[in-house]
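A.B. asks: Sequence:
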Amino acid sequence: MSEPIRVSLRIPGTAPMPELIRLIQDAEAAGFDGAGVLDSQMISRDTFVVLGQAASATSRITLFPAVTNPFTRHASVLAGAIQTVEEIAPGRVKFVIGTGYTSASTIGRKAATLAEMRACIATVKALTAGRAADFDGTPGTLVYSSGRRIPVLMAASGPKAIELAGEVADGVLLLVGFNRGIVQRALEHLERGARRAGRTLADLEIVWAARTGTAATTAEARRLARPTAVHWGILRWGGYWLEPAGLTLPPLEIPDAVHRVYPDLSHAHDWEAAIRATSFVPDDVVAQLCDAIGLIGAPADC
Numbered sequence: 010m011s012e013p014i015r016v017s018l019r020i021p022g023t024a025p026m027p028e029l030i031r032l033i034q035d036a037e038a039a040g041f042d043g044a045g046v047l048d049s050q051m052i053s054r055d056t057f058v059v060l061g062q063a064a065s066a067t068s069r070i071t072l073f074p075a076v077t078n079p080f081t082r083h084a085s086v087l088a089g090a091i092q093t094v095e096e097i098a099p100g101r102v103k104f105v106i107g108t109g110y111t112s113a114s115t116i117g118r119k120a121a122t123l124a125e126m127r128a129c130i131a132t133v134k135a136l137t138a139g140r141a142a143d144f145d146g147t148p149g150t151l152v153y154s155s156g157r158r159i160p161v162l163m164a165a166s167g168p169k170a171i172e173l174a175g176e177v178a179d180g181v182l183l184l185v186g187f188n189r190g191i192v193q194r195a196l197e198h199l200e201r202g203a204r205r206a207g208r209t210l211a212d213l214e215i216v217w218a219a220r221t222g223t224a225a226t227t228a229e230a231r232r233l234a235r236p237t238a239v240h241w242g243i244l245r246w247g248g249y250w251l252e253p254a255g256l257t258l259p260p261l262e263i264p265d266a267v268h269r270v271y272p273d274l275s276h277a278h279d280w281e282a283a284i285r286a287t288s289f290v291p292d293d294v295v296a297q298l299c300d301a302i303g304l305i306g307a308p309a310d311c
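Numbering (my numbering), first residue to last: 10 to 311.
Treat the hints as calculated values from the structure; they're not laboratory data. Glycine included, C-beta positions come from ideal geometry on N, C-alpha and C. Hints may be right or wrong, so weigh each one.
What the hints assert, rightly or not - Simulated crosslink set (SDA-like; lysine to any residue; CA at most 20 Å straight-line):
{"id": "1", "residue 1": "Lys134", "residue 2": "Thr81"}
{"id": "2", "residue 1": "Lys134", "residue 2": "Gly89"}
{"id": "3", "residue 1": "Lys169", "residue 2": "Gly190"}
{"id": "4", "residue 1": "Lys134", "residue 2": "His83"}
{"id": "5", "residue 1": "Lys134", "residue 2": "Leu123"}
{"id": "6", "residue 1": "Lys169", "residue 2": "Arg208"}
{"id": "7", "residue 1": "Lys119", "residue 2": "Arg269"}
{"id": "8", "residue 1": "Lys134", "residue 2": "Leu151"}
{"id": "9", "residue 1": "Lys119", "residue 2": "Met51"}
{"id": "10", "residue 1": "Lys134", "residue 2": "Arg101"}
{"id": "11", "residue 1": "Lys169", "residue 2": "Ala206"}
{"id": "12", "residue 1": "Lys119", "residue 2": "Thr81"}
{"id": "13", "residue 1": "Lys134", "residue 2": "Arg82"}
Claimed, not checked - Now the in silico label distances, taken between C-beta atoms and shown as ranges:
{"id": "14", "residue 1": "Glu197", "residue 2": "Arg285", "range": "36 to 42 Å"}
{"id": "15", "residue 1": "Pro99", "residue 2": "Phe144", "range": "25 to 31 Å"}
{"id": "16", "residue 1": "Pro160", "residue 2": "Arg201", "range": "18 to 24 Å"}
{"id": "17", "residue 1": "Gly207", "residue 2": "Ala66", "range": "38 to 44 Å"}
{"id": "18", "residue 1": "Pro160", "residue 2": "Arg285", "range": "37 to 43 Å"}
{"id": "19", "residue 1": "Gly149", "residue 2": "Arg69", "range": "32 to 38 Å"}
{"id": "20", "residue 1": "Ala141", "residue 2": "Asp292", "range": "52 to 58 Å"}
Let's have the full structure, built from the sequences with the hints guiding it.
C.D. replies: Here it is in structure tokens:
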């Protein structure tokens with residue numbers, strides 16, 4: 010029997026707290042299954058504060074960080090934070106962790122390594138399950154663990170990260186794109202990792218991050234999506250996911266204007282400036298990227 014499709018909404022965390030909580034309440038009222046709150050300390054309100062408040066202000070919707078990382082908080086702090094939120098909303102909390110992007114770049118450090126991800130996931134899973142974790146020879150236990158299962162998912166966009174998620178996490182949040190070729194390639198990597206742990210895809214929760222955007226016309230929707238499409242399709246993918254998507258892009262020279270956008274194109278504080286910075290990419294290329302990364306267009310297109 011196939012699983013029902015569940016749809017969650019990512020909450021940027023860039024609005025004042027009262028507005029964020031109302032948005033999450035509105036998402037619950039509209040029928041969304043989950044709400045994930047951005048964790049990027051320089052551009053977003055604190056994830057776990059928002060999640061805790063949202064847990065008190067909702068009754069049904071699943072809540073999770075989207076996504077946290079293993080370096081701005083110690084693994085023990087992460088375990089304690091998500092366990093605390095789960096006390097307010099028993100059975101409707103997940104933990105989603107990735108290597109970090111703007112949470113790293115805005116403080117001048119690199120994203121986490123896969124070894125750091127492996128260690129952090131193991132620690133959080135152990136502590137939230139009521140088991141001891143080893144901290145450089147010192148055993149530690151989260152004394153207030155409820156023992157209730159908190160699913161631990163790993164966000165991944167590269168092939169090695171996807172394989173690690175399949176091996177060590179309870180599930181994966183795939184930040185790769187959303188067309189048939191990309192989906193098939195991503196699942197191949199995920200299955201490879203799952204096999205290393207004696208598991209199959211059926212043992213994993215698989216979440217697809219589909220970028221969405223709509224406007225009155227297809228052209229306007231694609232214009233508004235330019236920063237996201239260019240950022241992921243050209244700067245971040247580095248061509249890896251273009252091939253399974255069936256895309257071949259012309260040679261493009263990245264102008265300095267792209268690197269002046271803070272903190273980056275897809276998280277830009279000034280969205281119109283980010284749109285202008287992508288003018289080096291032709292409209293037809295943007296259209297192809299939009300079709301590959303998600304659901305972008307007029308209502309009739311989506």
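A.B. asks: Indicate, hint by hint, whether the structure satisfies it.
C.D. replies: Each hint, compared with the structure:
| no. | hint | in the structure |
| --- | --- | --- |
| 1 | Lys134 <-> Thr81 | 18 Å, holds |
| 2 | Lys134 <-> Gly89 | 11 Å, holds |
| 3 | Lys169 <-> Gly190 | 18 Å, holds |
| 4 | Lys134 <-> His83 | 14 Å, holds |
| 5 | Lys134 <-> Leu123 | 16 Å, holds |
| 6 | Lys169 <-> Arg208 | 17 Å, holds |
| 7 | Lys119 <-> Arg269 | 18 Å, holds |
| 8 | Lys134 <-> Leu151 | 11 Å, holds |
| 9 | Lys119 <-> Met51 | 15 Å, holds |
| 10 | Lys134 <-> Arg101 | 16 Å, holds |
| 11 | Lys169 <-> Ala206 | 15 Å, holds |
| 12 | Lys119 <-> Thr81 | 12 Å, holds |
| 13 | Lys134 <-> Arg82 | 16 Å, holds |
| 14 | Glu197 <-> Arg285: 36 to 42 Å | 38 Å, holds |
| 15 | Pro99 <-> Phe144: 25 to 31 Å | 27 Å, holds |
| 16 | Pro160 <-> Arg201: 18 to 24 Å | 21 Å, holds |
| 17 | Gly207 <-> Ala66: 38 to 44 Å | 41 Å, holds |
| 18 | Pro160 <-> Arg285: 37 to 43 Å | 41 Å, holds |
| 19 | Gly149 <-> Arg69: 32 to 38 Å | 34 Å, holds |
| 20 | Ala141 <-> Asp292: 52 to 58 Å | 57 Å, holds |
Hint compliance for this structure: no hint is broken.
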